[in-house]
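Peer 1: Number 303 marks the last residue of the sequence shown (the working numbering); no jumps.
Any given hint could be a false lead.
Derived Cβ-Cβ restraints for the label pairs, each shown as a range [what the hints assert, rightly or not]:
no., residue 1, residue 2, range
1, Leu-110, Ser-218, 19 to 29 Å
2, Asn-247, Tyr-64, 47 to 57 Å
3, Val-296, Ser-218, 42 to 52 Å
4, Met-109, Ile-299, 18 to 28 Å
5, Met-244, Leu-65, 21 to 31 Å
6, Gly-31, Leu-57, 15 to 25 Å
7, Val-128, Ser-217, 29 to 39 Å
Simulated from the structure, these hints should not be mistaken for lab results. Remember, it's a predicted structure, so these values are computed and weren't measured experimentally. Don't be surprised by glycine CBs; every beta carbon is placed ideally from N, CA and C.
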Amino acid sequence: MLMKILIILLFSFISVGFYSLIEQKILGYMNNRIGPNKILFIGLIQFISDFIKLVFKDNIYLLLFNYLSYYFFIYMFFVISLMYWIMLPFFLNLFNLKFMILFMIMLMINKIILFIIIIWSLNSVYSIISLIRLIIQNLSFEILFMLIMFMYIFMYKNFNLIYYNNYNLSSFIFFSYLVFYVWMLVMLVELNRIPFDFLESESELISGVNLEFSSINFLLLFLIEYLDMIFFMIISLIVFMNLNIMKMYSYIILMLFMLLLLLFRGFFVRYRIDKLLYLLWKFFFPMLMNLFVFLIYLKF
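Turn these sequences into a full structure, and let the hints guide you.
Peer 2: Written as structure tokens, this is what we have:
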């Protein structure tokens, strides 16, 4: 069991390193720059040097920090992000949980609670503004996320992701593509990516909560963000395309999905948070509820 966990975590961290390198390269070319190109061959191990730099940087110790909750909960936050990966139906499957999707939703809610405690422990005005945006944004879109997942639970009649690639949902293919657009929007909000990165908002909040994180703590936040991006794109493949993630073609589609997130960052500007909430409560939520009722009508 320990060896399985170490193998999955090792390859997950390597994936984060190369994914961050690809992001720097793509954003560099999109802004008419070369990007990382000095370390080894065309900067292929740039992420290793960035990792070493972050590990050996000094930590920031501010007077008003609540150090006990700050250090304890940030490591708990990282552990919960790693617990996501035990649910994926790999060849080295760790746990076969009967209520896997409910467990995933529980972890997501716990992550929000832990992050609220971490930001509160900073005792910073900028971080509190980020906290207000976090609560409004994430908790609102958690409702959409749960609604979409419950719709697919209703279709699959199963809470376990491992069995999802055994189903044939050809009769619901139009429904899946329709919901997929809302799902991608929810993923961007959940991952705090442009155009919905209100948690950071560099130009408005001086990078928000990132201002108080340095060294290992900032590295943990960085790993959490990119691990979550990879994880939720894998969930998208399983739920919407019924793909077996142990097949090579699944990883090709996964890379296309992950590149899509990077292109969003390069092409879009930040949305207004009031318009985002209007989009949620006035458009997407009623639409999904109507789709859910229509799905129940088709099934019965």
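Peer 1: Return holds or violated for the Cβ distance of Gly-31 and Leu-57 against the range 15 to 25 Å.
Peer 2: Between Gly-31 and Leu-57, where Cβ atoms are some 20 Å apart, the hint holds.
Peer 1: Please check whether Met-244 and Leu-65 have a Cβ separation lying inside 21 to 31 Å.
Peer 2: violated, 46 Å
Peer 1: So does Val-296 sit 42 to 52 Å from Ser-218, Cβ to Cβ?
Peer 2: holds, 51 Å
Peer 1: Take a look at whether the Cβ-Cβ distance between Asn-247 and Tyr-64 falls inside 47 to 57 Å.
Peer 2: holds, 48 Å
Peer 1: Return holds or violated for the Cβ distance of Leu-110 and Ser-218 against the range 19 to 29 Å.
Peer 2: holds, 26 Å
Peer 1: Between Met-109 and Ile-299, does the C-beta distance stay in 18 to 28 Å?
Peer 2: holds, 25 Å
Peer 1: Taking the Cβ atom of Val-128 and the Cβ atom of Ser-217, is their distance within the range 29 to 39 Å?
Peer 2: Given a distance of about 19 Å, which is not inside 29 to 39 Å, the answer is violated.
Hint check: violations occur at hints 5, 7; the rest are consistent with the structure.
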